[in-house]
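Residues per chain are reported as follows:
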Amino acid sequence: DQQVKQNSPSLSVQEGRISILNCDYTNSMFDYFLWYKKYPAEGPTFLISISSIKDKNEDGRFTVFLNKSAKHLSLHIVPSQPGDSAVYFCAASVDSGYALNFGKGTSLLVTP
Amino acid sequence: DAGVTQSPTHLIKTRGQQVTLRCSPKSGHDTVSWYQQALGQGPQFIFQYYEEEERQRGNFPDRFSGHQFPNYSSELNVNALLLGDSALYLCASSNGQGYSPLHFGNGTRLTVT
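So the protein sequences, as listed, match chains A and B. Add 15 to a position in the first sequence, counting from 1, and you land on the number used in this note's numbering. Add 30 to a position in the second sequence, counting from 1, and you land on the number used in this note's numbering.
Bound-form chain B, shown alone (with noise of 0.2 Å):
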């Protein structure tokens, strides 16, 4: 049973740049929380995805944006990139039932130089 996977796991992008993450999620499950992981820090919440609709959003400028698909997974997107979106994002997926945990992917390492 595959699990959440993510592409790339690695990429250097320059200042300016955009970038886009993918995300497959795992098996049975509709729902995709995208997080940012800074050095040193827990994952902050990014926004999560359902029905192919945005439901939620944490506090990121609108420069983050996201997609779902129809088959659930889903792409994240950063345009005008900084310096200080050098950071592992882990994308994570549930079945959007009540109390049920987050399965997160192993991340993609972005670094912006």
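So that you can see chain A by itself, here it is in the shape it has in the complex (with noise of 0.2 Å):
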């Protein structure tokens, strides 16, 4: 049962464009949400959170996009760099501190 959900498998931008990088999500008692970025052969590094309380957290170039009443979530990187090529999970845990639910992956490639 995926209770979190990135249908874009992949996505191709363009340098200096925005990617928008999409995620939804089925339990309700979700209250911490995470993106974490991962390249070939290492582990998942961590981008960016938001808690259930906010609508919108930004650092630097990502921000993350909370819409409860949708159980949708986006992560926004502007503008987008080659470097940002990599393979996007979004993440959700009920209590911020236990397991984390993990998407699919969405693979971003930023074209120079």
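Worth flagging that the hints you see were computed from the coordinates, not collected in a lab. Source: prediction; values computed, not measured. A hint or two may mislead.
What the hints assert, rightly or not - Cβ-to-Cβ under 10 Å is the rule here; a few derived chain B residues that face chain A:
(1) R52
(2) Q71
(3) R87
(4) P91
(5) R93
(6) L120
(7) C121
(8) P131
(9) N136
Just so you know, even glycine gets a beta-carbon here, dropped at the ideal spot from N, CA and C.
Assembly of the complex is requested from the two constituent chains, each provided in isolation within its own frame, with the hints serving as guidance.
Given below as structure tokens:
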């Protein structure tokens, strides 16, 4: 039972443009959401998180938006850079310190 | 500052054998979690250890067991290996505080033949 869904397996964006990665979830008890980036042969690297009491969180070029009523979150990368090319995982948990439920990932390719 | 370290990086085992994977958490972290990532999938939660006890467990059979040592390092043991156990096994650590993101190691690639 996939509680976190990333429906776009891949996304291609030109350098300098905005990348928007989407994620939907089904469990209304989730209260902590995170995005991780993963390069081949490396473990996932934490990018940005948001708690359910907020609807937006920014960190440099990365912004995460949370729409609780739609059970949807998105990650915006502006401007996109070739080094951003990686697989991006959306994750969520009930109570911040416990198990993360991951989506299947979206492979982002940023072309020069 | 050393991050999460895992050993070995790669491992090949035969069906029915047993395997032990090891993890050292990031400095200052006291909570260790293990995840299994099959090809083309996101990581799946196996279990979490805190204060040397299993605090939470995912939907994995009893063949998967673990341990946490007083220095917070951890082991994942898998008995009676199946072909379907072939995956990347990721260890992650955190400081156990609220809203503290997990830091992952680079994983152990297990192949069962």
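We went through each hint and held it up to the structure:
no.	hint	result
1	R52	15 Å, violated
2	Q71	6 Å, holds
3	R87	9 Å, holds
4	P91	17 Å, violated
5	R93	19 Å, violated
6	L120	6 Å, holds
7	C121	8 Å, holds
8	P131	4 Å, holds
9	N136	5 Å, holds
Hint violations for this structure: numbers 1, 4 and 5, all remaining hints satisfied.
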